[in-house]
Structure formats: structure tokens, C-alpha cells
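**Student:** This is what each chain is made of:
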Amino acid sequence: MIWPGKMLKQVLGSIFKKPATTRYPFHKKELDMPDRFRGKLLFHPEMCIGCKMCMRDCPANAITIRKIADKEFEADIDLGKCIYCAQCVDICPKKALEATKKFELASLVRGKLKITFKAEPK
Amino acid sequence: MLASLISIFIFPGFMFLVVAGLAGQFIDRKIYARLQNRIGPPWYQPAADFIKLAAKEDIVPDEANPGMFKAMPIFALTAITTSILYIPLWRDTALYTFKGDLVVVLYLLTIPTLTFFLGGWYSTSLYSKIGAVRALTQLFAYEVPLLMSILAPGLLANTWSLSGISQFYASHPWYWLVNIPGFAISLITLLGKLEKVPFDIPEAETEIVAGTFTEYSGRLMAMFKLAIDMEAIAAASLLAAVYLPFGLSFNPVIGFVIYLLKVLFIITAMSLLRTLFARLRIDQMMSFCWKYLAPLAFVQIVLNLTLKGFILR
Amino acid sequence: MTREEVAKAALIKKFGFLENLVRIQRERRIFIDDAGQDFDRILDFASEDLGFSVLCAITGSDDGKRYEFIYHMARPKGDMLNIKIYTPRDGSRVKTITDKFPGAEIFERELTDLLGVKIDGLGEGNRYPLSDDWPEGEYPLRKDWVKKDKKPEGK
Amino acid sequence: MRKVVIPIGPQHPALKEPESFSVTLSGERIMAFSARLGYNHRGIEKACEDRSYTQNVYLTERICGICSHAHSTAFVQAVEEIAGIKIPDRASYIRTIISELERIHSHLLWLGVAGHEIGFDTLLMYTWRDREIVMDILAQITGNRVNYGMNTIGGVRRDISEEQKKNILKAMDKLEERTLYYITVATSERTVIERLSGVGLLPHDDAVRLGAVGPTARASGVDRDTRRDDPYAAYDRIKFKVITDAHCDVYGRTLVRVGELMEAYKIIRQALKDMPEGPISVKAPRKIPAGEAVSRYEAPRGEDLHYVKSNGTEKPERVKVRAPTLANIQTVAKMLEDRQLADLPIVIAAIDPCFSCTDRMTIIKRAGSRKHGAMAWDELRAHGINWYKNKGIDFSELNEKLKKANKV
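Chain order of the listed sequences is A, B, C and D.
Residue numbers are given in our numbering: position 90 of the first sequence equals residue 90, and the series is strictly consecutive.
Converting from the second sequence to our numbering requires adding 1000 to each position, the first position being numbered 1.
Converting from the third sequence to our numbering requires adding 2000 to each position, the first position being numbered 1.
Converting from the fourth sequence to our numbering requires adding 3000 to each position, the first position being numbered 1.
Treat the hints as calculated values from the structure; they're not laboratory data.
Please note that a few of the clues may not be correct.
Said to hold, decoys possible - The calculated lysine-lysine pairs, modelled on DSS-like cross-linking and capped at a C-alpha distance of 25 Å, are: (1) B:K1056 to D:K3401; (2) A:K17 to D:K3174; (3) A:K114 to D:K3401; (4) D:K3315 to A:K52.
All chains should be modelled from the sequences, with the hints used to inform the complete structure.
**Tutor:** This is how it looks when you write it as C-alpha cells:
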């Protein structure tokens, strides 16, 4: 006869183990994203040459590059649309885009998800 | 008059049961979580849940019978509060006692299950109805072994009064060891009474949403949840009084601590049990109760009768 | 001769008109570019005699002039035979294959919903995959279909 | 008890995604079963026609969260075949490794879900805890836990470094030990066996007739696996066993899945050992020449099939996706014949359904008219605020405070 309660030993052992879960919103120390993590985008206006490859390749049309003056560009990124694939980062010939490790992007207001990276006036 | 009102509403009646019920729920959830290698809820979680539910709007389905629908949670609470008055907690006598109160307590503790059935049935939702029928079917499965195993110690003590049982075991120490198989059976069937894994068939969430409680919300739901927590304490007290009748002769404070430890032990054992198994199907549960538990309970009764006949003449 | 060539030769031997229509695209991929009127017989022959017994999917598409249906049949060995048939855009009808392949039902319902093709002999059943209140006469996979409602931009 | 029809879904705790089933019951016994699919239809196939090939790689990846690598690989394979691109060896090995890591996390996820469906939450907590090991590895290699974004037309986007190799091997050892433990639990815990064996019978012939795929078919003794029969990526250079089982029930499906877990560890070790040095991608043209291709991929849930037709432009003419669940869902009615209501969740779960994959497409449509009696979201919110106000609880002050805090 096969008896029930096969996991007894392991279950009792768990009492002496450190819990696998964390108190997330209160303790964030454990949350270290890997180096290749694709989080919130960062745009470096000074590097952009305005080729708009990122706009062309973005699967979600989340990024818009605007020309404001000669050789000066601004980027609008809609984080609500962005799917964090980082294709724009890969395709950018001048490395003007960068994926950061930021991931806590929830917001109650949709407008806050639209961010603009302004070029610094020269 | 005042004294009895206090004992009914405050201690060891309603208020004590509420506090102990919420504490019991916390302990159960915390242990369950730790056994699963999780952190578990903070200590105020059960109270927070209760307050949150109580602040919500009660929604009564159009089709439901509003009288029955609303009355059921109150019936459940009342029955449990009444039952605790007859159970000796830290002394060898209960607040109120009469011949045969053991049977009355057992039936008072059956009333919540019946209210689950009626509440589910009168809310007319299909999930509730299936849950209600399952609750009743399950009642017929676990009630017999539970009854037989709880009556066995009484047979040995030659009384069906809870206070009488306590007094008998206080004067005959170590005799309670005979009842350990019965204790195990009661613990298992108690899981069925409190609708916990592996016998949470009436409210199996992956099958019938929340079973009998599907249509309940707000305060009525809060009351039902509270009733289950209180029932856990009342039933644990009953088991403690019947199967663990020791340490009753100290002063009230130490006696009370010992009583709490006994309840804690029973709750812990139930948490451990519900960690270990998968939920059974209703037919498997029936056959398990009738094939294994009922005969075992019967053996316990025969054992106790024999013991009584030959040794305690 | 490879497995694919054997299958090709068998098909041509049985159905002469397939001479130029059977194409081995690569290892394990055979296409029949237009099965035409003989589709039923070719399907029977392929599934019973050649062993292409698993129906993987039915693809329906619209090339602007006519509808194209591809029946993707697989062999346990891994070879895949893709049988194409075409129907005109107006009054398009196809015969069901659920009598031979009960699993085809869901693929055929998809064709009905998304391309608006009539499937002869397909029994009653729930629609798939569009919702019950989807308007009549709107078939998203047709090339001339345009999105009508656009989701309003957020606040 | 007379016959009743109960709805399971579109919202139901047993289903992790919205899909609607209706079950006719007589007492506890299931008399009839019918499914209404399509609740997750997002219009992806149509959307693919408006997007470029590069964009479509990410779009197809989002057909499903769990088998994202399966869909994107199947898609890029088809495109590469049309364009005649030969991907570097290292890239095909990396695709193989990611695909097996995905299988591991998907099967562990399934084991947990199966535990939950039969009310065994402890199993769920333990398997999902151990699944974190493989999720961490995936996050380390690809950047994210799901939707890896690993594929690109012509190869892969990220390389596996020496250090990551070591981490993967370490994780495999740990997971192997844990999987062995779960095999003992699944095969020797009485309550689990009681709930699984003999449930959801799908005899061999029915599996073949209804076109079952993946572990569902293999547990009915159908020896079919796209990885071996129609090899892609580096599977033609790797030795592995195809796990089959003759139980034909949910128990058999469990055994097949845990068996495949053990196989996956071996495949990954082997692939890491054999992986050659070299580039990880080749340049692909933006315009793909006209042509068509059928690509098959053994996803964790079964065979995934993509058909791509191109017309010489930057955008495909037609993309067709046949996800494994679509092939398997039709076996559920057969499996539920003469079973009890209590078996329904585990039987549905046993084909490891993924309805997002199955449904794929939508066009967003505003509901023109509300149904009688239903409340719109704003109305519901106003009702809630009023209800609390009548009870003497006023949140308006708190709302103001929150607004201020948000502005700061």
C-alpha cells in the first residue's frame, strides 16, 4: 500500500529554511536586475543623428524622434506602449538609446507614462 | 444574570471566540505558509480581512430568498457561541453542564455545516447549489466516524457529560492515552468539518468557484468566515477537553495557558495535515471515511468498552 | 531517391495533371500548388496511401483575386505535404473534411469567421474565434477589410 | 438531481485565462461538454500583415508569455527559409538552449498548476519556487524572465558567456535533483495518484484521430516529436530520447512532462559542451523575397506551426499560426466523457492549455450599447463612492492628499 503524506519530511524541513518569498514593496534589497535587463529606456540627445531607425523598427510605435534644430533631436517615449524589446537599442547606430534597470513604472495617470528627453540648449 | 451575560458575550463566549478565532486563523495561515517555504501574512491580516469585508456592500441575489440568505451566517455564529459554554476549557467543569451535553455540543457544531448548506441552497446560484449538496454529502461521510470517535472516551468514563469526562480523566490520569487513535480520527474528520484540504470539496475553488459562499459578499461573508474560524477554536476546544484532559487542576492562569497550548497543538496539526495532501473527490472522500475511518472508530469504541468491562469494574 | 521524391513520383503517377504542380521546396517540405477539382481524391490518397495522416492546420488567405487554402498534412516521419486549393472570391465554397479529420472542425470555423468562406457540411456549433456580437459581413483576413473603430487615446 | 448546465468561464478560478466552457451535469457526473473559444483573440495574424519582419519577431513573441521563444523561433525560421539565410552554428545552439530552458520553466509551471487544480497547493509553492532557478538563468542570459527577445532574423541577439555557461550547469544540477524529488512525489503520493490516474483517458487511437500533439499525444503512446522528426536549430546534432508513456491519462501526461524535464537537462549540458565559437548572427535584408515556408517547432505544449508567405516587400503577405493548444483542445471533450465535475479542472489543465496562443487576433471595438443592468466602469466607481459616503466614510479628503502626493 502506498501511504499518503510523502512530502512530510520536506515540508517539516521548510520551517528551518529561509522563506523563498520576500516582502516586496517594503524590502527591495534582493531585487537586483541582471545586466542585460531591458527596462525603462534612456535617450542621449547629444549622440542622436536623427536616422530614425528606432522609429522604423519599433513594434509598438512607442518612440518618436523630433528634430528641433540643426543636429538637435528630441525623443518622446510612450512607456505605456513600449514592450521593452530593446530593438531600438540594438538598431541605433550611435548608441543614443540605452535600456536601464528601472522596472517599477506603474502609474495611475496615463500621461505620466509619456516622457520626453529634451536636448540641452547649446 | 450579569455574570451569565458576560460569559455568553464576552468570556468565554462570543468576544473570546472572535479574538481566538482570528488568532487561530493567523496561526494556521502562518504555519501553512512556513511549511510551504513562504513568509506568510502579518499578524493583523485576519483582522484586516474581516474589517475590509465588513465595510463592503452586501449584495443579495435577486433570485435568492433574502430572509434565509441573511439569517444563515447569524445562525452559524450563534450555534458556535452556544457550544463553547458547555465545553470545559481550563477547569474540569464547564460553565454550564448537564447530562449528555457532549451530544448537544456535537450537534451544535453540526449546525454551521447545515447553515452552509441552506445558505448555499437559498442563494440559488448553480455553483452554490453544487457546493451545498457537496457540503451535505460530505457531512454524512465524516459525521459518523467523528461522532463514534468522540463518544468513545465518554463510554470509558461512563458519562456523556463533558465536565463528567474531564473529571473522570482527572481522577484517572494516563487513561486518556487509550483514546489516541480516536484523537487522530477526530483530527482528520475535523478537516472535513472545517472544509480544509483534503476535504475542502464543498468550496473547491478550481471546480465550483467558492462553492456555497459564491454569492455571499460583504458583512454576511465576513460573518461566515468568522464562523468558520470560531468553529475551528470551538472544535479544537472540544477535542482538547475530550482527548487531552490533563493539566486541569492548576490555578486558572496556568490552566488557561495549558488550554491555549492544547488548542495551538490541534491547530498546528491541522495546518500540517492540510499541507500534505491533494484534495480528494467526493466519492473518494466517502469511501475513505466509510472504509477506513468508520471501522477504526468502531474499533476504538470496542476497545474502550472492553477496557471498561474488564479493568474499571 | 529520397523520401520526398518517392512521394512526389507516387503523386504524379496517380494524378497525371500534377506533373508540374508538385514541388519539393526543401528537405521534408512538399507543396502541391493547385489540387483543383481532385482535391478530395488527392487528400484521400495522401492520407491513406502515402501516410500523410496528420492534419496540422488549414491556412486560408486572400491574395486580392481569389482565396487560397492550404491543408498542411504531416507524416510521422516529419515530412509535410501542403496541398493548396483556390476558390473565387465571390460565392466561395469549400467542402468540409471533418468527416475524415474530426480535428479539422476548429480550423474550418476559423476560416468561416475570418475569411467568410462557406464550408459545406460543417455542422452547427459555437463560432470561433470572433465574438458573438461581431457584425455580419466583416471578415478581418480579407485584404479589402479595414479597421473601422479605433481605440480612443488615453486621457 | 435533474440535469444542470454550469458555465466554467469566461471568468473562473480553474482557468488562468478567459475561455468559456459549458458543462452539462447530472449530479456530479459530466454528461456533455462544449467549448467556446476566442476570448483572447487579439488580431495578431492580421496585425502581422501591417508590420515589418523585424517588428513581427517581437509581435509573434507576444502571442504567448510562456512559449514566447517557440513562436518567435518558428516565425524567424520560416522567414530565414524564404530569404535563404543560413544562421551561424553558434546561434542555432543558443536557440536550442533557450528553447530547452523554456521547456523546463513551462513544465515546472505546469506541474505547479496541476497541483493547484487538484487542491495540492504545497506542490504548487515548491515547484514554482524551484522554477525561479531557471527563470533567473533565463533573465541572466536574455535580460528578461519571459518574452526573451532572443531571436532576430539571421540569428540571435545575445551570446552566452563562459560565466553564464557555468551558472547554467550549476542550475541544471540543482534542478535535476529537485525534479527527481518531484518524480518521487508524483509517483508515490497516494492522494496525487488517486486524483490523476485513470482520469482523462485518451486512448492511442483517439489521440491520433483528433490530432493531439505534444505531451498529450506522447502520453497516449503516440511517438511523435518535432524535435526528432523535423529537426530545427541544433536538434539534428543532439542525441535525446523522446519520452512516451502508455498510461493515456493525466498521470501519464505528468510522467511524460517530468521525463522531458530530465531529458531537457541532458540536452542543455550536451549543447553547452558542443557549442562552437563564432558569430551569433548574420545580416538579414529588410526586404524578404517572395516565397512561402512552413516552419514547425516543438513547443513545451506540443507542435507549433507557422506558415509565412512573403511578397517581396518589407511586410509579410500572410502569417498563419497554429498553436499546440488548438490541436489539443478538441481532445478535452473525449477525455471528459463520463467523468466527474471534480476532474474537469485537472483534465483541462492536463493538456497545458494556453489560450493566448490559441486565439491570437483582435480588433479593438468599443461596445456600442451597454447591456441592460450592467454598469459601466465610471458608473460603478461613482456607485462605490456614494455607497461609502452613505455609510459615513468619505474618501474625497484622502483622494486630495493622494493627488498632492502624486504631484510632488
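**Student:** Run every hint past the structure and note whether it holds.
**Tutor:** Cross-check of the supplied hints:
Restraint check for K1056 (chain B) and K3401 (chain D): satisfied, since their Cα atoms lie roughly 23 Å apart, inside the 25 Å limit. Restraint check for K17 (chain A) and K3174 (chain D): satisfied, since their Cα atoms lie roughly 17 Å apart, inside the 25 Å limit. Between K114 (chain A) and K3401 (chain D), the direct Cα distance comes to roughly 24 Å. Compliance with the 25 Å bound is thereby established for this hinted pair. Among the hinted pairs, K3315 (chain D) with K52 (chain A) is consistent with the structure: their alpha-carbon atoms are about 18 Å apart, no more than 25 Å.
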